[in-house]
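Asks: With chain A held as given, fit chains B and C onto it using these hints.
Chain order of the listed sequences is A, B and C. The working numbering runs 689 ahead of the 1-based position in the first sequence. The working numbering runs 50 ahead of the 1-based position in the second sequence. The working numbering runs 37 ahead of the 1-based position in the third sequence.
It should be emphasised that the hints constitute simulated quantities derived from the structure, not laboratory data. On a predicted model such as this, the values are computed, not experimentally measured, just so you know. Backbone N, C-alpha and C define an ideal beta-carbon position, used for all residues, glycine too.
If you anchor each label on the Cβ, the simulated ranges turn out as follows: (1) B:GLY134 to C:SER256: 55 to 63 Å; (2) C:LEU139 to B:ILE206: 53 to 61 Å; (3) C:LEU139 to A:SER746: 47 to 55 Å; (4) C:ARG231 to A:GLU928: 47 to 55 Å; (5) B:ILE153 to C:GLY124: 52 to 60 Å.
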Amino acid sequence: MTCLLKTAQLTIRFGGLCAVDCCDLEIREGELFGLIGPNGAGKTTVFNMLTGVYEPSEGTVTFNGATVNGMSPPQVAALGISRTFQNIRLFDELSVLENAMTGAHRHARINLFDSLLRTKRHHREEAAQRDQAYELLRFVGLEERAGLPAKSLPYGHRRKLEIARALATKPKLICLDEPAAGMNTGEKAELSGLIRRIRDELKVTVLLIEHDMKLVMGICERIQVLDYGKTIACGTPAEIQNNPKVIEAYLGAG
Amino acid sequence: MAEADITSQLLQYSANGLAKGSTYALMAVGYTLVYGVLQLINFAHAEVYMLGSHFAYYQARWAGYLPEDSAGKPESVPIGLALGFVAVAMIACSLVGMLIERIAYRPLRNAGRLAPLITAIGVSLLLQYGGQAVFGTEPKLFPTFMETEVYELGPIKFPNTNVLIVLTTVVLMTALTLFVTKTRPGAAMRACSHDMKTARLMGINVNATISLTFGIGSAMAAVAGVLVAMDQPAITPLMGVQIGLKAFVAAVVGGIGSIPGAALGGLILGVSESVVGGLWETSYAEAVAFVFLIVVLLFKPSGLLGKATREKV
Amino acid sequence: MARTIAIFLAALAGCYGLNWFLAEFIEVVYVDYLNLIGIAIILAVSLNVVNGLTGQFSLGHAGFMAVGAFVASPISIWLTYGEFESGPLAHASLLHFGLALLACGVGAALVGVVVGAPALRLKGDYLAIATLGFGEITRIMLQSQDILGGPTGLKRIPKMPQLPGTAGWDGGTSTFWIFLVVAVLVILTVRLQRSTFGRALIAIRENELAAETMGIRSSRMKVMAFVYGAFFAGIAGALFAHYQHSVRPDDFTAVRSIGVVVMLVLGGLGSVTGAITGAVFVTLLPIMLRPVEESLASSGTPITGLSMIVYALLLIAFMIFRPQGIFGQRELSLKLLRSWVPSAVRGKGGKP
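Excised from the complex, chain A in its bound form (with noise of 0.2 Å):
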């Protein structure tokens, strides 16, 4: 398998904290790979640094051949990674429907003009994006709530049309963001379907943070674990179970 996503050596300091220190990643194609660690020990901050909101301080990001470093996250957007958010980021105003379409605008090859005196391009667009946002709602289950404004949606709800929107930039690589976060056991076993048919079905690469262990050890195929900003274990589900350094993590040292 081809590698998709490498860090060498990443890392960030706000002020005098160091929150990510010399972290490796390396993620192959087609792979689920499972991001973890106890809380504040910089995953999401290291999310930011692969979709271009933070700049690292140090060690380089490159994504299919690419350096994604100084980048900015339209340009990040455009190489093919895409990404949801811990606290979820929706267009309230939108409708469900026109939420997962924005994420088809930097696909549009039509100019303003075009939408402006309503040409046969701006036609075809409209509907091309209208097409591929329905087809998205109904992959995570909101087709029938195309027509609501996305601010009426219930919790998980929110999280999966995120997870439309996101898939609608046609990404290779989907960078999830504790999407079980808030979910009851029904909605969390839903999700994990969800998510392994995004990688079998669509064949996008899944980079997951999430708390829950039941659902990362049953989805993941391989899992790194980070504390204070470390990377202090790396291997398959059974590998980082029985770590001890990923136990004394967890569990606090004795």
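Replies: Relative to chain A, chains B and C alone:
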């Protein structure tokens, strides 16, 4: 010779600008305090300043120091009485400021940022046009609180009004800084400006603190109103519009929320306006403040002494 | 596209009909009000793209208006008279007027690029105050341009062009031109809103970081919004100048920019119908209060500026009781109207 001339002119204009900048600073403090706590551009602040000068004017008039018809020459007011007038104007303006907050801003505290901004514009218009209806549109000669004298230091001339303006500003700004940093109500103000919700949870009376903020800012504006009126002896109900805008710009240039920032911003604008107006062209002086504003914001979006904030992702 | 042409022709015919009707049946004073409302609508709807749709708080609309007025007027004067001397007013020709409008729109749009650029670094009130600064700088700089008339500005700006059959119309053709622009602007803006670009703009307003992560280049989109708003503000400035036949830099103070924002917030930020309603309301209110003021003055108790006092009071009261504006972010629709009807009234027809 010509070079020395330019230098002394430059010094003279800077000295004049110091006085102008001081009044900007006094006004800017009111904007900065309110913005720090409520993130609201209190457009009505400029009209409180206008009221300050009018309150002082009407006291002098009722005390018989001004002729009833506008043609007569005003008499000079004894210094003790003048101070009394200023004190009353300060108290009256504080009350007006607090009243404005109570009526026009407090009901909208949870209604987002735009609605209070629009009521601020409404209050500002109300006081401008209400002022015209009550006080009349004619400019009024302000009473003499002080016989004009000019001190000289080398080639530079200091009119005593300018000296008074600068000294008053220094005293008031120092007092305010001490108040905010050393007293309990001052600490409450800082707490509210940092995080109003947490301040409330910590048992701070947020409403009282906000009222206090408006009161203090308005009292400072009253002083600025009287000082400027003494310097340029005619007052009108629309006198606040331009200086209000400039003073808010001064607060932003200095870093909004910061008292030293307001002082710094005020002085920079005052001095540069005076120098540009004197050495270059008068009409350009009006634009200086805004050019400064844009340049500063482009290089330091939070202002010279402001703190940058970071969005949590 | 064919539909676009049909709509445009319909707008042409509609505006011609409106102007004919006004010229035939309505007193010039009222036509004047209507024209002022039209210009206000252009300002409000175009600013709404920046402030309402994109969520970038601009307080510099009067600046773009000034640029438009002071680009179009000299061009129009020069093309029509060939000189800047005083003399009788004439109508601009269709070609000259068109050139002047195009030039002023492009000029203002270019300035929009320049002003939109800082928008990339500034947020919220900082952007507001910076754009307000831009407007003031523009106004003050115009005051010192002797070639543009300095503080007294330009006079003898030609009347708007005649159309076939309009020679006898007292009020001229201003209504036709102003409302043609209104129609074009409203149609284009609704189309902008309902396109991938409009959704991108709203996405930036709702959550800029998420929009960027979805691949929306927010800097480019913001500049686009600024340019769009500036273009039409410039046209509004040119129409205003041609309508008044004279223009001064002080016609474009910060107070005017603030006034446009007031229109938007009153109507409901982000809604085209809201912007139109706000523009009508803010323009009409002082006008409607004027007779009251005059009757008070004639009865011996004059109150100077009464209309503005009442306007200010209403503004405060309105915001306190309906801070989201008349329409909120929604557009006027039958559904919205129905939701406003009290349920007691609605229930009468059918269900118990």
